[in-house]
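Trainee: Read off the chains here:
Protein chains: 2
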Amino acid sequence: MSDKPDSAIEPTNLLLASNKVDGTKVVTRDGASLGSVHSFMINKRTGQATYAVLSLGGFLGMGKSFYPLPFESLAYDHVADGYVVTIDKRLLEGGPSWASNAPEFNQAYADRVANYYGVAPVDLSL
Amino acid sequence: MSDKPDSAIEPTNLLLASNKVDGTKVVTRDGASLGSVHSFMINKRTGQATYAVLSLGGFLGMGKSFYPLPFESLAYDHVADGYVVTIDKRLLEGGPSWASNAPEFNQAYADRVANYYGVAPVDLSL
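So the protein sequences, as listed, match chains A and B. Following our numbering, the numbering of the first sequence begins with 1 at its first residue and continues without gaps. Following our numbering, the numbering of the second sequence begins with 1 at its first residue and continues without gaps.
Misleading hints may appear alongside valid ones.
To be verified - Which bits of chain A does chain B cover? Going by a derived footprint, with three or more residues having C-beta under 8 Å, they are:
(1) 48-54
(2) 84-90
(3) 117-126
No lab work stands behind these hints: they were computed from the structure. Where is the CB? At the ideal position from N, CA and C, for every residue including glycine.
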């Protein structure tokens, strides 16, 4: 046990139930609200969340849109109990997204997301 | 691309959205229905599902109960599009579980689950 103020935080906080992912807050590096997590895309075999789909509203006056990001782009902040995304907002706004019709999250789409954010592509073959 | 019948399976099948985890089927090694996945308990920092909470009904004539298992106890079967659990049913029935009041999934509880199934404990400290 530590004497730091954080010691009051229950260790259970490190686990997030899959049915509670939706709504987890997402902030920018300076702590400003960016939106929330809509869902994680989880590799069924390994159990690893490979993409996080952010729900962001209000860009350019439009309604809520969904932005898939490589999970490695998110940093969990246990004080905020949310995720910090350091991707520049303008880069994010130009990234793969959808408003009402979710795309099929297949290899081509996953590759597109990985390429856009400059991370290694994920092999989704079974 | 393979000529096997499985080649018709879309690669997208490897990803499971966190809001679709609930209801994923769970079968025994011989393919018999065992129940379904209720949720994954996900490490917020790494994005790794560390536990799967199974929803099993009908044991001993009782209602639905929830059984947390180390994620490594589950093997994804892409033909069944579900998980195979090879843990003996009697061992499972005697394992940590709850019916209506979910326990706090803290370090002590996680250790209890890990110990019961004989797997390495997971460090849940932040």
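Trainee: Run every hint past the structure and note whether it holds.
Mentor: Hint-by-hint comparison with the structure:
1. 48-54: holds (count 6)
2. 84-90: Violated, because only 0 residues of the segment 84-90 of chain A bring their Cβ atoms closer than 8 Å to Cβ atoms of chain B.
3. 117-126: Per the Cβ count (3), the hint holds.
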